[in-house]
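Asker: Modelling step: build the complete structure from the supplied sequences, incorporating the hints.
Listed below, chain by chain, are the residues.
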Amino acid sequence: MLELRSIDAGYGSFQVLFDVSLDVKAGEAVGVIGPNGAGKTTLMRVISGLIRPIRGAIAMQGTDVVATPAHRIVSLGIAHVPENRRLFPRLTVADNLKMGAYMPGARAHYAERLEFVFELFPRMKERRHQMAGTMSGGEQQMCAIGRALMSNPKLLLLDEPSAGLAPVVVQQVFELVRRIRSSGLTVLIVEQNVQQVLRVVDRAYLLEAGSIRAAGTAAELAASDTIKQAYLGV
Amino acid sequence: MQSFLNIFDIYLLEAVINGILLGGVLALLALGLNLIFGVIDVTWICYAELVMIGMYGMYYLVQVFHLPYWAAAPLVILLVALLGAALHFLVIAPLLTAPPINQLLATGGVLFILQSFATVAFGIDFRNLGIRLPVLALGEMNFSYARLLSFGAALVGMVGVYLFLTRTFTGTAIRAIAQDRQIMPLMGVDPKRIYLVTSAIGGGLAGLAACLLVLQYDVHPFVGLSFGPITFLICVLGGLGNFIGGFIAAFVFAEIISLGGLFSDLEWGYVLAFAFFIIMMFIRPAGLLARRS
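So the protein sequences, as listed, match chains A and B. According to our numbering, the first sequence is numbered sequentially starting from 9. According to our numbering, the second sequence is numbered sequentially starting from 113.
Worth double-checking, as some hints may not be accurate.
Covered by chain A, per the in silico footprint, the following chain B stretches (three or more residues, Cβ under 8 Å) [stated by the list, open to error]:
hint	segment
1	276-286
2	293-299
Just some of the chain A residues that point at chain B, by a computed CB distance under 8 Å [what the hints assert, rightly or not]:
hint	residue
3	D31
4	S56
5	S83
6	G85
7	M111
None of these hints come from the bench; they were simulated from the model. Every value quoted in this text rests on a predicted model; they were computed, and no experiment measured them. Glycine residues also receive a C-beta, built at the ideal position from the N, C-alpha and C atoms.
Answerer: Here's what the structure looks like:
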């Protein structure tokens, strides 16, 4: 579904990603793990077009993503839940969700999608008139994921969905990712919480200092000595 | 003595109501400026000069081309809306990431260009529509229909903008982009297009204000100076970019001007209003309804 080939990317003259290649097949859940500052967020931003790669190619179901204007990439079926959620704090939950359905293709199905998201997150229905910024971190994460689902995506990019949340809420978020997966959506998830993420994904990549250092099934990575020592603390 | 007090009360009531009527038009002016500032984060110093151009538009359409007022008004609103979009495209967009002082200087430059253009193109004569609207006598109070019409139209304009901002996808995107510009592409929103639409709405509001002000005031190239500064003070007093604050501040200013004018000359009303502003800047420097950040 999504193919990245030899991506170099960065900010100005500061290069973050070096020759990153990665595949996500339809129906898969793929994780990208790695330490802080490895370039995980940059990787997500390159895919959704917030920054453009210096070199390399990205294809979404055969369409050249690099040549697509940033605001049209959602229409290719890629929805990005950004790091720190980035809700519009002084808009209501309902208005935040409405923004997720902004593009013309999604507007036509706005009512159905809203129904779908409210079914997935009954809490969001209760809070639809509340300002998004006044909700708890877990609720904001639900709202951010709901907003991304409003565009009826094929591929969901999740950037550190568990960051800054209480341990109980982290459990709920991963449970949620599992449910979203089982609804047939393809998921690419970036996480520092390696132990948790390896339980929900099929495959994962290890990103360190901007390069892919290891790749394999979740079980293979969980069993590998380097990852055990560096990330799982065993 | 008793009859004197009665008359005084009537005048007081008349001044209060006239203040409210003036407040409606000031609120409309403030909304346009606040919209641009709140969403695009630039200040159109030349905002009142867009109104001036619109007033000349009304003068030429009505007096020279003999269009009826109701037919000329939509054309002028459209014209100033296009002018607003052009101002954004030609002047603001290239300076969007420039320091604020450069943006201020650039729109300040546009102010002088528009004033000079009007002087050369239209001359410095005072012009008016030659429309004399009757006066409504309510008991012993008199209200001009021009003011009543302006107040009503300003309210309709503001309600229209409110409904657009809250009910439509584009309007919601305008409110959203004011809060987080960077992630808008993730929503499938082209920020350039939203800024252009916002600028056109800001211009359209200036155009509507022009249609209403031209009923009460003569047009000349420097007419923008009569309500440009006060519009800025209203926006600052209300908290720049805060729509509700600007709305309230417009009525506060209008009442001070109107009541000040009752006890003395109208000019003293303005002096009181500006003095009030300066004092308020000491007490609440971020405005009446400053956004907590």
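Asker: For a quick check of understanding: which of the numbered hints are violated here, in increasing order?
Answerer: 3 and 6
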